[in-house]
Amino acid sequence: MSEILLETRNLTREFPFGKKDTVHAVTDVSLQIRAGETLALVGESGCGKSTLGRMMIRMLRPTSGEVFFRGTEITSLNAGAFRPLRRQMQMIFQDPYASLDPRMSVRSIIAEPLRTWKLCENRQAETERVQELMAAVGVPAEMINRYPHQLSGGQRQRVGIARAIAADPALIVCDEPVSALDVSVQNQILNLLRRLQKERNLTYLFISHDLSVVRHISDRVAVMFLGKVCETGETETVCGDPRHPYTRFLLDAAPVPDPHRRRSGERLLQGEMPSPVNVPSGCRFHTRCPFATEECAKTDPPMRMIGGRGVACHHPEKAGTCGR
Amino acid sequence: MEQKTLEISHLSVSFSSWRGTFTPVNDVSLEVRAGEIVGLVGESGCGKSMTARAVMGLIRAPGKVTGGRITLCGKDLLGLSEKEMSRLRGAELSMVFQDPMTSLNPVVPVGRQVEETILLHRQVSREEARKQAAEIFEEVGIPEAEKRIRCYPHELSGGLRQRVMIAMAMVCRPRLLIADEPTTALDVIVEAQILQLMRRMRDQGTSILFISHNLGAVAQLCDYACVMYAGQIVEQAEICTLFDHPAHPYTRGLLGAVASLHRRGETLDTIRGSVPALNRLPAGCSFAPRCDLCDERCMRETPAMTSAGAGHPVRCFHAGEEAPV
Ligand SMILES: Nc1ncnc2c1ncn2[C@@H]1O[C@H](COP(=O)(O)OP(=O)(O)OP(=O)(O)O)[C@@H](O)[C@H]1O
Ligand SMILES: Nc1ncnc2c1ncn2[C@@H]1O[C@H](COP(=O)(O)OP(=O)(O)OP(=O)(O)O)[C@@H](O)[C@H]1O
Ligand SMILES: [Mg+2]
Ligand SMILES: [Mg+2]
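In the order they appear, the protein sequences are chains F and W.
Just so you know, we're using my numbering here: the first sequence kicks off at 1 and counts up by one.
Just so you know, we're using my numbering here: the second sequence kicks off at 1 and counts up by one.
Don't take every hint at face value.
[What the hints assert, rightly or not] If you want the ones that stay clear, here's a sample from chain F, every Cβ over 12 Å from chain W, calculated: (1) Glu7; (2) Ala35; (3) Val67; (4) Arg70; (5) Ala98; (6) Ser99; (7) Glu121; (8) Asp168; (9) Ala170; (10) Asn201; (11) Ser281; (12) Thr299; (13) Met303; (14) Gly310; (15) Glu317.
[As the list claims (entries may be wrong)] With a Cα cut of at most 30 Å, we get these calculated DSBU-like pairs of lysine-lysine: (16) W:Lys64 to W:Lys83; (17) F:Lys298 to W:Lys147; (18) W:Lys4 to W:Lys75; (19) W:Lys64 to W:Lys75; (20) F:Lys19 to W:Lys147; (21) F:Lys20 to W:Lys147.
If you're looking for bench data, these hints aren't it; they were derived computationally from the structure.
All C-beta atoms, glycine included, are put in the ideal place defined by N, C-alpha and C.
All chains, full assembly: derive it from the sequences and hints.
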């Protein structure tokens, strides 16, 4: 097995809310990512995926907990000591339009990290490197002087990827990189991400709420509910035979592109996500869980190894019977 | 004869400016029968929303309906004055827009906005309107409705905002609801709940034109679907026929791309190239440059609608042919 590239221990982030309340965005998350693999982070909108991803690459300070990158704890490093590691970590965003500066040309967007890290001797070398990167992500060479608004959504996402790989990082946090794209473009970008991963030995944290995308791209998956990881393990183990009822509901909710296999309503998770300001007692899923017992309302289930994956549930044997 | 709620025939919408003319809706025909949910699918920019806006009478200059007919339960919509049209909108004909944040008033509580819609179309007291607003909130599944009615749009989650939009669109029990990508901004669980709600609305007698680029949602919800490419409908059929026997190479490409995601495998299927800009459409069939079946005729002539079977029109010279390997 390859080395552990990044590890979080008891990572927690809170935001103040109003005068006296607190948003519990991420609570006590401990995860490992191995070099060269893709770890997917899935869960409903607002469950804390982006907050966790940003803390992992020190774009956001945790309230408590630690992040180790190749064995070095990075949240406590001073800016000077962190700087060489900064280059190792990049991010790709959901909305390439909002993340690319509208006043910068494709050339300057991709060249920016090359300049920051002084990776090119002169302008000639820089131009060549930008052209190489454009070719690697499949943006036609003649678009080098265009601006973001003159590109299609797929092309913008490719430019964002070129910028992310420019300084040869080890880890890329991909925050819903294909959620805004049409399926044929989505597939092109997913193929591109996979090819780049092989060629450059990249490690991905891949954030998504689309489980069919996650099943395709990731080696391991962590399912989050309201700031906590509720199930984690090999993607096929977790998605093929989920043990947390919430994972089961997520899998069942995804619309199957087959009119002969219509899902009926009774397997639908009802109600809303509880507020991260007033987190339910005990297991935070208990207010929506069809199997909740008194114990679930009282004690928060610890993460346990069951059937080859970690699951935080008092009744993991029940997930298999969900809505069946 | 089955009753047609909506009938669009040979509709065209064009935009003219000094840069030239382009036609985001080009000879579009489709119908929604009573009690049906019809899907309109296609990739970003193909003209789905523009078709919907034409039905709602919301095309603004420099855009213009340049041809065709639109009827709602037999009534000709294009012949109506703006005043008559606005009386229809929200009452017999409603639309849920792609982005609820831009179509809700940010400074008015959501319950109040629904009340206003009721007062506009029905001769009822403020008191009665408030009661009906509370009822429809319950009906679309907004929990703690009495409390939520007093919230401003930004205080609600994306899923709840979309329910408010649906409540507002449904409160006068329209004949036709146009839902323009109502679930695109939502996560899978909320999406599944909204699809369920759409089915319930249909069961209560509202026909629905469901616009989406998500083939999964269309497969789960629709009775019939139309596939749009570069301003034209290229294929339409009953939902199972479309998924089992797609005849247009573009439809096949889309379905193949989705299916490959559900197979284990290294590389996903894609459609080569990209969607053409509407003001720079190729001569002949607009899909020709991306098509494996393309021949010399396809690059010269625009295909007309032909039949790939009963109730299964398709716009392709090579409909149903297998791609050469
Ligand atoms: N800067 C902030 N200030 C206050 N609250 C925040 C801030 N950033 C995030 N939150 C809150 O923290 C919670 C988690 O947000 P986050 O963006 O991490 O969720 P997410 O899983 O990425 O959701 P989505 O799928 O919608 O992107 C949410 O309730 C959000 O409102
Ligand atoms: N006000 C406008 N003036 C000029 N062109 C417009 C205007 N609104 C839209 N268009 C163009 O018309 C075409 C069709 O747009 P439309 O919004 O109908 O696409 P769509 O199929 O709904 O796409 P999406 O899935 O992105 O919502 C696009 O090429 C778009 O750029
Ligand atoms: Mg996010
Ligand atoms: Mg649209």
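Hints, verified against the model:
no.: 1; hint: Glu7; in the structure: holds, 28 Å
no.: 2; hint: Ala35; in the structure: holds, 20 Å
no.: 3; hint: Val67; in the structure: holds, 26 Å
no.: 4; hint: Arg70; in the structure: holds, 29 Å
no.: 5; hint: Ala98; in the structure: holds, 14 Å
no.: 6; hint: Ser99; in the structure: holds, 18 Å
no.: 7; hint: Glu121; in the structure: holds, 35 Å
no.: 8; hint: Asp168; in the structure: holds, 24 Å
no.: 9; hint: Ala170; in the structure: holds, 23 Å
no.: 10; hint: Asn201; in the structure: holds, 17 Å
no.: 11; hint: Ser281; in the structure: holds, 19 Å
no.: 12; hint: Thr299; in the structure: holds, 25 Å
no.: 13; hint: Met303; in the structure: holds, 22 Å
no.: 14; hint: Gly310; in the structure: holds, 22 Å
no.: 15; hint: Glu317; in the structure: holds, 23 Å
no.: 16; hint: W:Lys64 to W:Lys83; in the structure: holds, 18 Å
no.: 17; hint: F:Lys298 to W:Lys147; in the structure: holds, 28 Å
no.: 18; hint: W:Lys4 to W:Lys75; in the structure: holds, 11 Å
no.: 19; hint: W:Lys64 to W:Lys75; in the structure: holds, 20 Å
no.: 20; hint: F:Lys19 to W:Lys147; in the structure: holds, 21 Å
no.: 21; hint: F:Lys20 to W:Lys147; in the structure: holds, 22 Å
Checked against the numbered hints given earlier, this structure breaks none of them.
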